[in-house]
Amino acid sequence: MAKTVVKDASYDINAKVRRRNQINSAIRYIVLIVVGIFMVYPLVWMIGATFKPNNEIFAGLNIFPMHPTLEGYQNAVKSYGGNINIWKALINTFTIVIPKVIFTVVSATITAYGFGRFNFVGKKLLYPIMISTLFLPQVVLNVPQYILYNKLGWIGSDLYLPLIVPSLFACDTYFIFMLVQFLHNVPHELEEAAKIDGCNVVQTLVKVVVPMLMPSIISCALFQFMWSSNDFMGPLLYVNTPAKYPASYFVKLSMDSDAGFAWNRVLATSLISIIPSIVIFFLAQDQFVEGISAGGVKG
Amino acid sequence: MKKWAKNNIGFFFIIPWLIGFLVFKLYPFGSSLVYSFTDYNLFKGIRETGLMNYLAVFEKRQYREALIITFKYAFMTVPLKLVAALFIAYILNFKLKGVNLFRTAYYIPSILGGSVAISVLWRALFKDDGLIQQMIRMLGGNPPSFMTDPNWALFIICLLRVWQFGSTMVIFLAALKGVPEDLYEAASIDGARKMKQFFSITVPLITPVIFYNLITQLVQAFQEFNGPFIITNGGPRGKTTLMSILIYNAAFQKYDMGLASAMAWVLFVILMIFTAISFWSQKHWVYYADEE
Numbered sequence: 001m002a003k004t005v006v007k008d009a010s011y012d013i014n015a016k017v018r019r020r021n022q023i024n025s026a027i028r029y030i031v032l033i034v035v036g037i038f039m040v041y042p043l044v045w046m047i048g049a050t051f052k053p054n055n056e057i058f059a060g061l062n063i064f065p066m067h068p069t070l071e072g073y074q075n076a077v078k079s080y081g082g083n084i085n086i087w088k089a090l091i092n093t094f095t096i097v098i099p100k101v102i103f104t105v106v107s108a109t110i111t112a113y114g115f116g117r118f119n120f121v122g123k124k125l126l127y128p129i130m131i132s133t134l135f136l137p138q139v140v141l142n143v144p145q146y147i148l149y150n151k152l153g154w155i156g157s158d159l160y161l162p163l164i165v166p167s168l169f170a171c172d173t174y175f176i177f178m179l180v181q182f183l184h185n186v187p188h189e190l191e192e193a194a195k196i197d198g199c200n201v202v203q204t205l206v207k208v209v210v211p212m213l214m215p216s217i218i219s220c221a222l223f224q225f226m227w228s229s230n231d232f233m234g235p236l237l238y239v240n241t242p243a244k245y246p247a248s249y250f251v252k253l254s255m256d257s258d259a260g261f262a263w264n265r266v267l268a269t270s271l272i273s274i275i276p277s278i279v280i281f282f283l284a285q286d287q288f289v290e291g292i293s294a295g296g297v298k299g
Numbered sequence: 001m002k003k004w005a006k007n008n009i010g011f012f013f014i015i016p017w018l019i020g021f022l023v024f025k026l027y028p029f030g031s032s033l034v035y036s037f038t039d040y041n042l043f044k045g046i047r048e049t050g051l052m053n054y055l056a057v058f059e060k061r062q063y064r065e066a067l068i069i070t071f072k073y074a075f076m077t078v079p080l081k082l083v084a085a086l087f088i089a090y091i092l093n094f095k096l097k098g099v100n101l102f103r104t105a106y107y108i109p110s111i112l113g114g115s116v117a118i119s120v121l122w123r124a125l126f127k128d129d130g131l132i133q134q135m136i137r138m139l140g141g142n143p144p145s146f147m148t149d150p151n152w153a154l155f156i157i158c159l160l161r162v163w164q165f166g167s168t169m170v171i172f173l174a175a176l177k178g179v180p181e182d183l184y185e186a187a188s189i190d191g192a193r194k195m196k197q198f199f200s201i202t203v204p205l206i207t208p209v210i211f212y213n214l215i216t217q218l219v220q221a222f223q224e225f226n227g228p229f230i231i232t233n234g235g236p237r238g239k240t241t242l243m244s245i246l247i248y249n250a251a252f253q254k255y256d257m258g259l260a261s262a263m264a265w266v267l268f269v270i271l272m273i274f275t276a277i278s279f280w281s282q283k284h285w286v287y288y289a290d291e292e
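Chains as they are written, first to last, in my numbering: chain A, 1 to 299; chain B, 1 to 292.
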């Protein structure tokens, strides 16, 4: 080892190296902390601001309220402008997101199994097509999809059909891609054993492949949960009755409806709307990290 | 028939995806190209066909400006985001104590950043007499009016995107972990300095990941909508009006589906050109281990 050689040669050099390493670490920590403050301070300030009276929010830089109040939250949960409030909006969000997550996970797993484990006529053509739709920008699809859903009578549907139905057909290609990547790392032996035991392909999928893929499937579910709860464009285009607004759209409207004085209410509404995402993130941080790393690195 | 089914059983598993692809992707994709050559209005139908939408996109100043702003947005945010993500990932890759805490802190903004709530927060930060102005005043400076100054407005929109470098960073971090340690050891015996080591060993080995991040970030940046729509609504004086906002306005305010389709296609073709250039340039800078 290089280090022992150095130590034997001269104590001075060893001390010098150690000192330089200490300085390097110190510099690294300083960079990490400074950047960290930029990343986190706005979020923490936001949490503090929701507990401040309105005249205090922009009166200083401090995070903790000097005169703590729940006024912001009291006003945030009040119903205003019709039969919608933040709780109803959150329930609407879940009405969209939960089926969407379930449908996505099921359809993406089935598709990934087909692409990842079998050869069939047309695979050489269809697999690259599937991958290329990863790069097909949604901005080209918005207008014609709207026209299509309009023809089908789905716009403003109480069941959120334009937001949910595509997930039945694995339309978020990213998840297929992610699961195919994971599937490549799962050994075939168990599936072959299952085949010898007389399992058909569907039984193999349900009893062998799905359990092995479960961590990755959970990653997909978590990402879909985050992305769909944050989705703003979808509800903006396809939901047009106030009682049906999901939280993302509701937050935008509650900001617009304010003349710019009741910031504690606006920020409290915003914060409530992302609490489910924050909770899920902290409960399943590692899955997020693993999910995004695997999708990216092997891409 | 039965034999065919047996040999191609995998095909049955991808049928749901195939239906979805044909109905929700390919058909809309194709039909929007057709619509782009018409004056299709959602309520009035088609009365005229021709190249007029495309001519308008290139001739009218409003559209040309939106294209330029979209370029500016993409070329400011993509490199900055990649550099910030790689730099921080590089530092996090040293075995420091508390790295996981920092990783979490940097990752959160990218998880929440796309939400409306964060756009609202951004407004609170950069509005007149908002937090950032207060901060600058406290330091004795004279802050600009971020939301109404045309030069600053685009900058704060860009900043929101760069602030979300966390997920790109996580991808880089995983790639850096994959660089074999013995390469570093060999290099440090040679006395190569850390910086040189970074550019001559680390960067070449992770070029495939840099490439992947570059492409995904380009595709996302060119269609950014939420930030400028919610924070500045395209203003002041149209200086944050990205193409995506013009497309939205044309399609869903004026129901001019033909014009909106044409704008989307112009944006799509530009994006394809950049993607193609990136793919073509790969052979000059992207290093794939299995090639040698």
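Worth flagging that the hints you see were computed from the coordinates, not collected in a lab. Everything numeric in this text was worked out from a predicted model, so none of it was measured. The beta-carbon is built from N, C-alpha and C at its ideal position, and this holds for glycine as well. Wrong hints could be hidden among the right ones.
Claimed, not checked - In silico DSS-like links for lysine-lysine, alpha-carbon gap of 27 Å or less:
no. : chain 1 : residue 1 : chain 2 : residue 2
1   : B       : 254       : A       : 151
2   : A       : 123       : B       : 44
3   : B       : 239       : A       : 124
4   : B       : 95        : B       : 194
5   : B       : 194       : A       : 16
6   : A       : 16        : B       : 72
7   : B       : 60        : B       : 239
8   : B       : 254       : B       : 60
9   : A       : 207       : B       : 3
10  : A       : 16        : B       : 127
11  : B       : 283       : B       : 196
12  : B       : 72        : B       : 127
13  : B       : 196       : A       : 195
14  : A       : 16        : B       : 196
15  : A       : 151       : B       : 196
16  : B       : 95        : B       : 6
17  : B       : 6         : A       : 195
18  : B       : 127       : A       : 78
19  : B       : 44        : B       : 196
20  : A       : 207       : A       : 123
Claimed, not checked - Covered stretches of chain B (in silico footprint by chain A; criterion: 3 or more residues with CB under 8 Å from a CB of chain A, positions within the stretch not fixed):
no. : stretch
21  : 13 to 26
22  : 69 to 75
23  : 107 to 117
24  : 140 to 148
25  : 222 to 228
26  : 276 to 288
Unchecked claim - If you want a taste of the chain B side facing chain A, the calculated C-beta under 8 Å gives, among others:
no. : residue
27  : 29
28  : 32
29  : 35
30  : 39
31  : 91
32  : 94
33  : 125
34  : 131
35  : 180
36  : 183
37  : 235
38  : 247
Hints, one by one, checked against the model:
The straight-line distance between the Cα atoms of residue 254 of chain B and residue 151 of chain A is roughly 18 Å, inside the 27 Å bound, and the hint therefore holds. Among the hinted pairs, residue 123 of chain A with residue 44 of chain B is inconsistent with the structure: their alpha-carbon atoms are about 42 Å apart, more than 27 Å. Proximity of residue 239 of chain B to residue 124 of chain A is assessed by CA-CA distance (about 45 Å); at most 27 Å being required, the pair is judged violated. For the given pair, residue 95 of chain B sits about 15 Å from residue 194 of chain B by alpha-carbon distance, which is consistent with the 27 Å threshold.
Taking the CA atoms of residue 194 of chain B and residue 16 of chain A, the gap is about 16 Å. The hint holds against a cut of 27 Å. About 47 Å separates the Cα atoms of residue 16 of chain A and residue 72 of chain B, which puts this hinted pair outside 27 Å; it is violated. With a C-alpha separation of about 16 Å, the suggested pair residue 60 of chain B and residue 239 of chain B falls inside the 27 Å cut-off, and the hint holds. Taken as a hint, the residue 254 of chain B and residue 60 of chain B pair is honoured in the structure, with Cα atoms around 17 Å apart against an allowance of 27 Å.
Note on residue 207 of chain A and residue 3 of chain B: the hinted pairing holds, with a Cα-Cα distance of about 25 Å set against a maximum of 27 Å. Restraint check: the Cα-Cα separation between residue 16 of chain A and residue 127 of chain B comes to about 50 Å, which exceeds 27 Å; the hinted pair is violated. A threshold of 27 Å between alpha carbons decides the hint, and for residue 283 of chain B with residue 196 of chain B the separation of about 23 Å falls inside it, so the pair holds. The suggested pairing of residue 72 of chain B with residue 127 of chain B holds, with an alpha-carbon distance near 22 Å, which does not exceed 27 Å.
Note on residue 196 of chain B and residue 195 of chain A: the hinted pairing is violated, with a Cα-Cα distance of about 53 Å set against a maximum of 27 Å. A hinted pair counts as satisfied when its Cα atoms are at most 27 Å apart, and residue 16 of chain A with residue 196 of chain B qualifies at roughly 21 Å. For a cut-off of 27 Å, the pair hint linking residue 151 of chain A to residue 196 of chain B is broken: about 60 Å separates their Cα positions. With a C-alpha separation of about 52 Å, the suggested pair residue 95 of chain B and residue 6 of chain B falls outside the 27 Å cut-off, and the hint is violated.
In summary, the hint linking residue 6 of chain B to residue 195 of chain A is supported, as the alpha carbons are separated by about 14 Å, within the 27 Å threshold. Between the alpha carbons of residue 127 of chain B and residue 78 of chain A the distance comes to roughly 26 Å, so the proposed pair stays at or under 27 Å and holds. Between residue 44 of chain B and residue 196 of chain B the alpha-carbon distance is near 64 Å, which puts this suggested pair outside the 27 Å criterion. Among the hinted pairs, residue 207 of chain A with residue 123 of chain A is consistent with the structure: their alpha-carbon atoms are about 25 Å apart, no more than 27 Å.
Counting residues of the stretch 13 to 26 of chain B whose CB falls under 8 Å from any CB of chain A gives 11; the rule of at least 3 is met. Check on the stretch 69 to 75 of chain B: 0 of its residues sit with their Cβ under 8 Å from a Cβ of chain A, so the three-residue criterion for coverage is violated. Look at the stretch 107 to 117 of chain B against chain A: 9 of its residues bring a Cβ nearer than 8 Å to a Cβ of that chain, three or more, so the hint holds. Proximity of the stretch 140 to 148 of chain B to chain A, defined as three or more residues with a beta carbon under 8 Å from a beta carbon of that chain, is not established by the 0 residues found.
Counting residues of the stretch 222 to 228 of chain B whose CB lies closer than 8 Å to any CB of chain A gives 4, so the stated coverage by that chain holds, three being the minimum. Here the stretch 276 to 288 of chain B counts 0 residues with a CB under 8 Å from a CB of chain A, which misses the bar of 3, and the coverage is violated. For the restraint placing residue 29 of chain B at the interface with chain A, the shortest Cβ-Cβ distance is roughly 6 Å, inside the 8 Å limit, so the hint holds. Residue-level restraint check for residue 32 of chain B holds (minimum Cβ-Cβ distance to chain A is 4 Å; threshold 8 Å).
This hint holds: residue 35 of chain B has a C-beta 7 Å from the nearest C-beta of chain A, less than the 8 Å allowed. For residue 39 of chain B, the interface hint is violated, the least distance from its beta-carbon to any beta-carbon of chain A being 14 Å, above 8 Å. For residue 91 of chain B, the shortest C-beta to C-beta distance to chain A is roughly 5 Å, which falls under 8 Å, so the interface hint holds. The beta carbon of residue 94 of chain B is positioned within 8 Å of a beta carbon in chain A (closest approach about 6 Å), and the interface hint is therefore held.
With its C-beta approaching chain A no nearer than about 6 Å, residue 125 of chain B sits inside the 8 Å limit, and its interface hint holds. A distance limit of 8 Å between C-beta atoms decides the matter here; for residue 131 of chain B the minimum to chain A is near 6 Å, and the interface restraint holds. Against a cut-off of 8 Å between C-beta atoms, the interface hint on residue 180 of chain B is violated, since the closest Cβ of chain A lies about 15 Å away. The beta carbon of residue 183 of chain B comes no nearer than 14 Å to any beta carbon in chain A, farther than 8 Å, and the hint placing it at the interface is violated.
About 14 Å separates the beta-carbon of residue 235 of chain B from the nearest beta-carbon of chain A, more than 8 Å, and the hint is not met. Because the closest C-beta pair between residue 247 of chain B and chain A is about 6 Å apart, less than 8 Å, the hint holds.
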